[in-house]
Amino acid sequence: MGVLLHEVSLSYPGTGLVIDRMSAEIEDGEFIAVLGASGCGKSSLLNIISGLLAPSAGWLEVPEDGAAFMFQDSNLLPWLSAGANVELALKLADYPKALRAQRVRELFELVQLSHAVDKKPHELSGGMRQRVALARALAQDRQVLLMDEPFAALDAITRDMLHEELRNLWEQTGKTIIFVTHNVREAIRLAGRILVLSSHPGRILETRRITDELRRNPAQAADLANELTTILRKEQRKHEHTDRT
Amino acid sequence: MSTLTELKAPGVQAPAPSAATTRRLDALVAPVIAVVVLVSLWQILAWASPLRSDLFPGPGAVLAKLPELLADGSLLGAVGTSLFRAVSGFVIAVLVATPIALLLAHQPLLRRGVGPLISAMQVLPSIAWVPAAIILFGLSDATIYTVLLLGAIPSIINGLLSGIDMIPQQYTALSKVLGASKREHILHVELPAALPGYVSGLRQGWAFAWRSLMAAELIAVGGSLALGVGSLLQRGRDLADLPLVMLVILVILLVGALIELLCFAPLERKLLRDRGMSRTGEK
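Listed in order, the protein sequences are those of chains A and B. Mapping to the numbering used here: the first sequence position 91 is 91, numbers consecutive. Mapping to the numbering used here: the second sequence position 34 is 1034, numbers consecutive.
These aren't lab readings, by the way, just hints derived from the structure by calculation. Be aware that a few hints might be false.
Stated by the list, open to error - Using 25 angstroms as the maximum straight-line C-alpha spacing, the simulated DSS-like pairs for lysine-lysine come out as follows:
id	chain 1	residue 1	chain 2	residue 2
1	A	K119	B	K1065
2	B	K1065	A	K120
3	A	K97	A	K120
4	B	K1270	A	K120
5	B	K1270	A	K97
Treat the numbers as computed from the prediction; the structure is a model and nothing was measured.
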C-alpha cells in the first residue's frame, strides 16, 4: 500500500492556510518528488504523512506501520556514534538485540560508510552524516520513506553521488519514497513523478511523469527543468506580491 | 651498521609540543600567575597599611597559622566533616531534585505553578533558612542538611529544566518518527540531550550546597554538632583572630575550587567534547 491523500488541508493559527485541499495517490514502490518554492508547505505535508502533524481537514491513508523519515539536517544525536544512532532506531523498532550489530554493519555497507560506524557525528562531513541518517531511516524498515530536502545543504559533487546511491537503494529495496525538494534538477534526476506545489497555500499545480528515457536525454530534461523553473518562479513572485499587498 | 633512525640531521629540532599540551600548560600557568600576582598585591598592601598587623595580616601571617591548626588536627577534622556533609547532602539533593525536575518538565501546569517558587527559592540567601532550621531541629546535623538541601535543590532543578528546555524540537520529532514511547524518549533522547545543562545545574547546585553549608555551620555551632569549616570561621571571629579567619576563608575557597577543577570542569569538558562542542573561550 502506498499513500493516499484526500482533500488534506492544514492551517496554523496566525499564519492561516498552509496546505489547501491536497489530494494525491502515491503508489506502492513509487519514487515521487514534491517540488515547490520555500514556504509552500512541502515539509508540512511530510509532517502530516509521518504523523508529526494532524491535518486540519481531509484525511489520509498511510501503511499501518507508518513512515520512516529523513530530516533536512541529519538530526543525528551528537552524543552517540554513527553506529549507535542507527542501532537506536533498530532498538526502538524492537529489532532483536542479538542481531542489531550485524544489521548496523549491513546498513552501513548499504550506504557505503562501513569505515565510519564508530565515528561521532561531528567527526563526519555533511554528506556522511546524511548517509548515516539514511541508514537510520532504512533501519526502521518501513515501506514508506519520507525525505525532507535531505541533500539541500550539501555541495554539488556530494549531492550528485548521493542521488545515484539513493536511486540504487530505491531500485534494490522497492520502497515508496516521497522526496521533498525545491531543486528542479534534483526532482527530475530522482523521481518517477513530480508533484509541483503552488506557493502559500500549497496546492498541487502540476503532476509530471518522468521516464528513464527523458532522464537520459539531456535536452529533454533541460527543457522540462526550464519549464518547471518558470512555474516555480511565477509562483514565488505571486507569493511575494501577495505578501507585499 | 648504522641505521637511518640513529642518524639525526644537523639542525633538526625536537618536535614542538602539541597544541593540546600547550593548552593544558596555559590552563595551569594562567591561574598560578593570577594567584601569585594577587598574593603579592596583598602582601604589599599589608606592608603599606597603617593598620596593625593583627587587623590587616599579610599572607605570611595567615600562612603562619597553618602549622598550629594542622598540629592540633582541627583544620583537617573540620575540612573532613564539612566535605562529608557537603558531598552526602549534595548526593541527596541530586536524588531529590532530578525526579522533581523531570516531573515539572512534563507537567506544564505544575511547572507554571511551582516553577516561579523554585526560582524564588534559588534567589533566597540560604542563611535565611538557618534560624528556622535551628528552631525546628535544634543544633543538630538535621539543621545543617536542611539548609544545604534548600540551597542546592532549586538550582539543580532549574539546571535540569533549562537543559530540557534547550533540547532542539527536532529531537522530539525524531523520537516520534522512530516510534519511541514517552519512557524511551526520556531515557534515550531527553536525558542525554539535557546532560550538559544538567551538569551545569549540578555544578551550580554544588556551589550552592557548599555556600549553604558554610552559612549553616557559621551560625549553628555547639550542641551535638561536629566542628566544620564554617564553625572554625566562627571560632576565629570569637577569638578576634583575623589570620585564622583569613586562613579558613582561603581553605573554603580552595576546597570549592578543587572540587570544581577536579570533578565538574573535566566532566563538562568531556561531555561537550563528545558532542563536538567546547566551552566559550576554549578551543
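Comparing the hints with the structure gives:
Proximity of A:K119 to B:K1065 is assessed by CA-CA distance (about 54 angstroms); at most 25 angstroms being required, the pair is judged violated. Taking the CA atoms of B:K1065 and A:K120, the gap is about 52 angstroms. The hint is violated against a cut of 25 angstroms. Between A:K97 and A:K120 the alpha-carbon distance is near 22 angstroms, which keeps this suggested pair within the 25 angstroms criterion. Only pairs whose Cα atoms come within 25 angstroms are accepted, and B:K1270 paired with A:K120 is accepted, the gap being roughly 13 angstroms.
Of the supplied pair hints, the one linking B:K1270 and A:K97 is violated, its CA atoms being roughly 29 angstroms apart against a limit of 25 angstroms.
Checked against the numbered hints given earlier, this structure breaks hints 1, 2 and 5; the rest are met.
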